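Asker: Residue numbers (this note's numbering), protein chains in the order written: chain S, 40 to 312; chain D, 270 to 758.
Hints are not guaranteed to be accurate.
[As the list claims (entries may be wrong)] Straight-line C-alpha distance at most 30 Å; calculated DSSO-like pairs for lysine-lysine: (1) 391/D to 729/D; (2) 79/S to 597/D; (3) 597/D to 545/D; (4) 481/D to 545/D; (5) 656/D to 709/D; (6) 79/S to 729/D.
By construction, these hints were calculated from the structure, which means they are not laboratory data.
All of these numbers come straight from a predicted model, not from anything done at the bench.
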Amino acid sequence: MKLPVQLLIGAVLSVFFVAAALLSFIWVPHDVATLTISDKLQGPSPTYWLGTDHLGRDTLSMLMVGARTSIAVAIVAVGIGMAVGVPLGLMAAANRGSLIDEIIMRGNDLIFAFPSLVIAILITAVFGPSAVNAILAIGIFNIPVFARVTRGGALSIWTLDYILAARVAGKGRVRISVEHILPNILNLLIVQGTIQFSLGILAEAALSYVGLGAQPPTPSWGRMLAEAQTMIFTDARLAILPGLAIVAMVLGLNLMGDGLRDLTDPRVRRARA
Amino acid sequence: MTKLFTTAAAVALMAGTALAQQDTITVGMQLEPPNLDPTGGAAAAIDEVVYANIFEGLTRFGPDGSIQPALASEWEVSEDGTVYTFTLRDGVSFHDGTAMDAEDVVFSLNRARAEDSTNAQKALFAGITEVEAVDPLTVRVTLSEPNGNFPFNMAWGDAVIVAEETIEQAATTPIGTGPFTFTEWVQGDHVTISRNENYWGEAPALATATFKFIADGNAAFAAMMAGDIDVFPVFPAPELVSQFEADPRFTVIEGSTEGETILAMNNAVAPLDDVKVREAISHAINRQEIIDGAMFGYGTPIGTHFAPHNPDYVDLTETSNYDPEAAKALLAEAGAEGLSLRLMLPPPTYARRGGEIIAAQLREVGIETEITNLEWAQWLEQVFTGKDFDLTIVSHTEPADINIYARPDYYFQYDNADFQALIADLAVESDPEARAAMNKEAQETIANDFVNAYLFQLAKVGVANANIEGLWENAPTQANDLTDVRWTE
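If we strip away everything but chain S, and leave its shape as in the complex, we get (with noise of 0.2 Å):
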């Protein structure tokens, strides 16, 4: 079977990204925690590769960590929604129509009508801005996404015939959500959940971009491209690489979330064969 090229080129950005943020916990280039003024401002140079900033940090330091700080807000806020959403979408399927599900659905409708962001400035205010909070804010706005497609996900899988001889031989509700409905499923949410890591990413950059994510001094994305705004004049490169990182990184995941969407699609699987 051939592997869709926007699956490949995807995966080579996510994992070239996320190489970069797991390598930065053994090596960077330079401490970003240590500022050297006296080279702040600087371009692209042998000891600097992408040059430095304004305060004279590294900027592929600054850069690969901040990567890492973007994945890990992105992987624990997709964590959270999968943890609480999934369980609560099969709820909702293995009870379809009764109050359980009424209550789970309309819960959902209801942090979904809020814009995301609104609510994750609004949470950051009331608790502090932190990445914690950032984490917890773009989490719960996973939440209701990960039970949508769960539950329409499951539901047509619940009027197939083997489910239905799954509860001839007595099996519970949970024992089939779990052993049958989940695995089938399974692609689905891979799929949602790579393209909510990306909004994850642009969620995390779009905070700390108005300093809610993570504070100083943990590079981040976001925060860099704020702080390059006033210099945009004298060294574009600052907002530049940075703003880069961020498009490279969310059109990789994306592109990776199509491509395994139209892999595991049994009808686009079909039409291609």
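Given the coordinates of chain S, assemble chain D onto it according to the supplied hints.
Answerer: Relative to the frame of chain S, chain D by itself:
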């Protein structure tokens, strides 16, 4: 043919120059004033529009910070220093045509010191027991105790003379005695003022002046470059100033302000109640690095809470020189190794960027900091009022404000009875030499107690069209006095 064109071009150029001999100016400001009544609000932006332009007081600040006569042409102090007799200028009228006389002064001062007064600086009037109009051009002010600083107090924007009939509307249509009259205020955009043809002094060269409010540094840069703004007295983004320096169309005006920028420490909570810890923090800080990194080189290092341009200033930067080894030794001596402190940062660049630099410098000596960025309202609530902080960075822009160290309930909570006694004595001393000595002693006391880490005097970095002259270089008070501003060609 070519020659004709050249001539035409030259004529056009001359016409252009002739047009440029203008008598209007657009002044850029970062913040818009919330209202235009300097006697009813604390915002610096109010004074930056109206001080010395629309409103005047009995005395005023000169460009060098000296106290000069304004509506009072002269004043006398009684032997015991408690009675000030001000002689008012003759023929001064408010912009609505009514005369300014002793009754207006009595009204203005009594209004400012009244119980229900909303004046932001009521302490300026605290010592007044009585204000009387002796005759239409003489006012006698009686103080409860001698106050050598009284003419200085009267120069503040909060002490301007207003008329009883028009004060109600001063927030939106201010009527004063100054060289400019209020024309219009388009909220969110600009305030326009025009020449007062009936001004008592020499009428200003400018016919109209517009204060335009641009908060964003990039927008301010673009507006200056495009010529939409003629002068930006306090340019919001120091990192962009080098671009103006390289451009012959502009002059960069670097002056000093009354803004002592400090790393304030909460003297009342452990471990900062230990003078050794505070001393260690002071030695851990490299001022020049902060000035270079956060302010792009604009600023003067200070070692105490006093403006370097003041004649009484003592350079105490060596008391708290950069010495990380000494800092480590002091921390070990105090038994305060492995400290973790909260650093609260208000929005200005000096705080946000300076905070990151200070965090890195403190880490070098083994002090970890947890940075929290706060908006002004949160900062005022949590740090200034709630005193819930360890460290914060802020610029104290009020002139001659070393007396805040005599207030044990002030947010950094420095409580030293000797210092309080010294400031109480200073307040009633009128002999200039004795005052100077006391000012010096006060500066040394707070420097030796390492109350706060004194960083640098905030610079006033302004950008102006090269053809404008008469702008204030320094900022002894928050003001954009346009009286002497003119275009040179």
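Asker: Tell me the numbers of any earlier hints that the structure contravenes, in ascending order.
Answerer: The structure breaks only hint 4.
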